[in-house]
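Enquirer: Protein chains in written order, with the working numbering: chain A, 2 to 380; chain R, 2 to 380; chain P, 2 to 380; chain U, 2 to 380.
Honestly, the hints are just simulated from the structure, not real lab data. Some clues are possibly wrong.
For chains that are exact copies, the list does not tell them apart, and a pair is met inside one copy or across any two.
Stated by the list, open to error - Dumping the calculated BS3-like pairs for lysine-lysine here, alpha-carbon to alpha-carbon at most 25 Å:
1) Lys276 x Lys318
2) Lys276 x Lys106
3) Lys168 x Lys204
Below, each chain spelled out in residue letters.
4 protein chains.
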Amino acid sequence: MSFNTFGRLFRFTSFGESHGPAIGCVVDGCPPRIALTVEDIQRELDRRRPGQSRFTTQRQEPDRVKIMSGVFTDETTGRQVTTGAPIMLIIENVDQRPKDYSAIKDKYRPGHAGYTYDVKYGIHDYRGGGRASARETAARVAAGAIARKIVPGLLVRGALVQMGPHKIDRARWDWNEVTKNPFFCPDAKQAEFFADYLDGVRKAGSSCGAVIEIVAEGVPAGLGAPIYAKLDGDLAAALMGINAVKGVEIGDGFATASMSGEDNADEMRMGNDGKPVFLSNHAGGILGGISTGQPIVARFAVKPTSSIRIPRRTVDKFGRDTEIVTTGRHDPCVGIRAVPIGEAMVACVLADHYLMHRGQVGEGTAWPFPPRGSEPRVG
Amino acid sequence: MSFNTFGRLFRFTSFGESHGPAIGCVVDGCPPRIALTVEDIQRELDRRRPGQSRFTTQRQEPDRVKIMSGVFTDETTGRQVTTGAPIMLIIENVDQRPKDYSAIKDKYRPGHAGYTYDVKYGIHDYRGGGRASARETAARVAAGAIARKIVPGLLVRGALVQMGPHKIDRARWDWNEVTKNPFFCPDAKQAEFFADYLDGVRKAGSSCGAVIEIVAEGVPAGLGAPIYAKLDGDLAAALMGINAVKGVEIGDGFATASMSGEDNADEMRMGNDGKPVFLSNHAGGILGGISTGQPIVARFAVKPTSSIRIPRRTVDKFGRDTEIVTTGRHDPCVGIRAVPIGEAMVACVLADHYLMHRGQVGEGTAWPFPPRGSEPRVG
Amino acid sequence: MSFNTFGRLFRFTSFGESHGPAIGCVVDGCPPRIALTVEDIQRELDRRRPGQSRFTTQRQEPDRVKIMSGVFTDETTGRQVTTGAPIMLIIENVDQRPKDYSAIKDKYRPGHAGYTYDVKYGIHDYRGGGRASARETAARVAAGAIARKIVPGLLVRGALVQMGPHKIDRARWDWNEVTKNPFFCPDAKQAEFFADYLDGVRKAGSSCGAVIEIVAEGVPAGLGAPIYAKLDGDLAAALMGINAVKGVEIGDGFATASMSGEDNADEMRMGNDGKPVFLSNHAGGILGGISTGQPIVARFAVKPTSSIRIPRRTVDKFGRDTEIVTTGRHDPCVGIRAVPIGEAMVACVLADHYLMHRGQVGEGTAWPFPPRGSEPRVG
Amino acid sequence: MSFNTFGRLFRFTSFGESHGPAIGCVVDGCPPRIALTVEDIQRELDRRRPGQSRFTTQRQEPDRVKIMSGVFTDETTGRQVTTGAPIMLIIENVDQRPKDYSAIKDKYRPGHAGYTYDVKYGIHDYRGGGRASARETAARVAAGAIARKIVPGLLVRGALVQMGPHKIDRARWDWNEVTKNPFFCPDAKQAEFFADYLDGVRKAGSSCGAVIEIVAEGVPAGLGAPIYAKLDGDLAAALMGINAVKGVEIGDGFATASMSGEDNADEMRMGNDGKPVFLSNHAGGILGGISTGQPIVARFAVKPTSSIRIPRRTVDKFGRDTEIVTTGRHDPCVGIRAVPIGEAMVACVLADHYLMHRGQVGEGTAWPFPPRGSEPRVG
């Protein structure tokens, strides 16, 4: 199947190939009367845009987005707002060099989707990876910019916490540093190291992987749809579905396998405001597939870019053994630009679950202390 | 929202609470005329059944399943087959001891879903975890037993590869060992160590985590639904949605972050049968969200059981600080019984994608060597 | 495909064959803390139950429903309420006489689904129509009984307005009469005529059709999901999907084709309470796929029962010309018992749209006079 | 909710407002390697295009469609084919006169969706009806042009069979006439009458309704997804969801209510080719929600246009009684242009069900004579 729609109530459907005329998406299910300008979306796209440093692909795409539908001027305030109708966002492709691909168009890059697209569909647009290109993720970032406005008080941020085998020092984590280096790295010192490291990788014609961490604050407790649309299940699908991602963790993730039950337990105490307080967050803000009200913490591993200049053995589409060298413009570490993409996907999942929760349970969910509502609905 | 249906074309909807009268599921979308007996399902349930060793909960549930609909006797062969109609499977709950829970019914177990269910719904069936109990996973195993019959030649197996901080020695991996120890462990020597280790954990009133690996062989190349229902994305959701799972990996998973592009590349050569052969499987059988034809390899981390006898600080539903000790019958390592559950979820995802692929692309997908079909459909 | 789940947020999945051990459904997505007893459901099932007069099938099915999950006792009030978890409802089949069908098991009844099920699936449970039996509609009525409790103030009622070629006199419409005759007929005088008419049909071994009208009052304005899940679109699918239904109308339906624009317009005036009032309801309570706040009016046509004692030419499953006479226990006019079924389907659609609307737009939708909210959400 | 995606496997998501920059849709799930040119789509759009006679709105929209993604040149044949990726189709709006609407922008047209959109969303783009405009249906026609190519041998045609109270004479039905008059009318003589009749309606500033009939030939037997996505249920939703439609019938529709069981039965005989032949088609090609292999026949009623020059009483958005006269450019009978729209919706439903059927049951469904396959799949 081909399935290019993400989400249940807050949904977006993306379209477009890397070297076609345009890419974009249709965002559907957005609540009405949310202030929305093209700058709200452009700001996020600019964070993902290629060609901003020597560490990402040199393709020059301005990635200017246009809003083609679903907004209108509110007469009372004069502001542009959503109308509840589908919001179509389009980004023209500008810097296409299809001939970059002629040398490799019949060869399968090891680790690249070109092979499986051909096996599945019997044809694929090979120019720049076509539909499988990371360029498609611009549509996700655009949709995510709208999603961010749906859950009141939500703050979704991401950071690169590992490049190749090198991790950051979490004691030096400073969110302000993330915008100050080309790696979205919260550890200023390690960012300096990463610059040298990645220069080496790039010059060697190689590539490297990365680990990204996304933190969502301001998530209301109670979001999640047990059993088969759990919040963590949906986050896992959303993050694993980003190009080149091979692993996803929530909270302490794989490390919990090595922990004892007593150490893993996030103990609770009543806070001064009469609400429960967790004394730790090993769970990453989710229990039983439902948000606890603590920050949601997710990490994902991005494999090294498959497009490298070091020759690899492969086959071509005529069934012949051959060798491949990929010389086009590529990110030596696709993990870097995955930071805003990961944020966008998390924002979309949260917006969707926020609406789903409101649908089943309504607004103003009572805190369970004292026990919610003394009388059930009689119906 | 509440969302208890899994899958798109091959779907199952589960129901039931741990201490209600029964649990089960309705399997919908199964192809017709597949031979199916109750033994096919019972065999899988027996693998997950509790109380079979001192290392799992002592709750005695025979877990006898009944097929209530969707099968009929084929007159030509006299065999019971599926009819294409929904297959309802029901398992009665037998060994309920709700009073085991009276001491803790108003207290929230740290790390347990009871708290979030109360926050979300304002009420929950606390007996044995109610809907959030791992008992619900019996329905998944039952559905998975049917899913296994849908993809011709499919073999889905799982194994425990880590308990607490202790990993197996992969050089000693022997699938035959998996059935010979109570841990589904493919490393016979490490299984002996696990017995001692887990006895210690259990006697201390503690619990431990685990890592499970699932391997699916015989998966046709081409399964997957790009972009937002990728095969790996759906597997990630399916496995992360199992109770207590905090991390999921495909292929080399998080380790790929530390690999170079050239090492991570699964090189290809033409095989003797005229089909491409991969020289390694770092990708775990999936590229671009589509199966490559290699074995699919997925791993997931299970956190330590939250129900422990070591006292933990918590709050109760009346908003008071308190302490909790959980004395009921619990698995000291829920990861053990997660092996057949993980297998079932992988089988369901694969069956679903097999039908989805057949829907869009049809049967007999041409191999791309020589290029598929010289003529497109004129329409 | 087989698709046995109805609805988007308020969903139910039905299972079971006419002569299998049981039928039933799993209701998912129901809001929590709604008071629900088995009597709430039984009451509706009793209205649909066969064998209550000489005008319906003489099959004796007590249709006793059991609630197997999804409810719990609220500790504060001692009442049984929904928990937000799936509610499984099961009805055992009691009065099966499969041998009634042996004479016709290899012959296709003209106008019956047995032929198409065989073409599609290559096998079907022919006993009593198996999955295609009207018996499946008991599951709909059961789900509908829960749906009725979700939209506050909702009242869904139905009536038979035509039997064979004979219409009721709408001037004599009295809702109180509906429960006083075996036809759910609001026109007492015509009901007397129907008794004689249907006796004639039944004795002749023939059957007749009917038209049913459903009226839903108390539907809030604003329900509906443009463009491809409009409220009227969903109602049309829900009603057309009832066994033997061949036509659906909303409001004035087919008659609007013959009306002028000025006559069809439902003019508006401000009411004394400051809310708009419609001066007519040709639209049947829906404009642009969204409810207006007026009563929703839908009608559907039920074809005559295909199981008749008058011989018809047909073929058998071995490809031979033959003749068929159906002598089992059948309703001479299936339209009669379609009344509670139609009500149930309308209630389910409305519950679903109520939750969907709340999801996207939230509670307390402002009336547009004065224009809603002076400030958009800044996001 | 807002729900702008149609279909399950063959899906399209539409976007755009009547007076925004563009409208269009994203078609997803289309099989790969189907030859597709922009002319294939333009041809269908041209049939729906306004301003082609004095009987439709004088808005001049060339409705030129562009294919923005999802197609590629097949190297073997040099033809443009689908790739299995989403196909984005865009149509720019050219002839916008938003000031036509300034006089009525604050008044609710009786029978128009403006009122319900405001109630639901608190805001709507009133220019030309915005999202609720019939202009949105161009997206459906475009998607339908692709759908037509999916089911081999499918022919979907439509005709206007009633205008106002005047029906055609079915004895004079000639499909060739449909393209020869501006009404899609298969009865040449009645088409002449319609010209005079509609001139009168138009000059009076009034409007009238219509009934449209769609016939789909070449539909394979076996399509349909019982129980809650029956083929007729999905057709009913698809047709009722077209703007201004108030009734839908399959086969003999409402007339079946007046028929006897023996007259309604479509008797069967074995044909010379060893396949069953139906002797009539009261069922309209569908039994039990599954296609029989006979032509599928559906009809729908379109109400008179709500935009008329005859004054009607209404209220404005400030809650004041007022009167409205709509002077813009409008179709006096929207039913005329509903013919290609109805065809498109039927084609989309059939394409979707064709893929769904292939998903569950596979290709080459065996005819049930002799009974299908002697051996079930052993699994």
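Enquirer: State for each hint whether it applies.
Expert: Hints, one by one, checked against the model:
Proximity of Lys276 to Lys318 under the C-alpha cut-off of 25 Å is restricted to the inter-copy arrangement: shortest distance 11 Å between copies versus 62 Å within a copy. Only between protomers do Lys276 and Lys106 lie at most 25 Å apart by alpha-carbon distance; the minimum there is 19 Å, versus 60 Å within a single protomer. In this assembly of identical chains, the alpha carbons of Lys168 and Lys204 lie at most 25 Å apart only when taken from the same copy (21 Å versus 37 Å across copies).
Against the hints set out earlier in the document, no violation occurs for any number.
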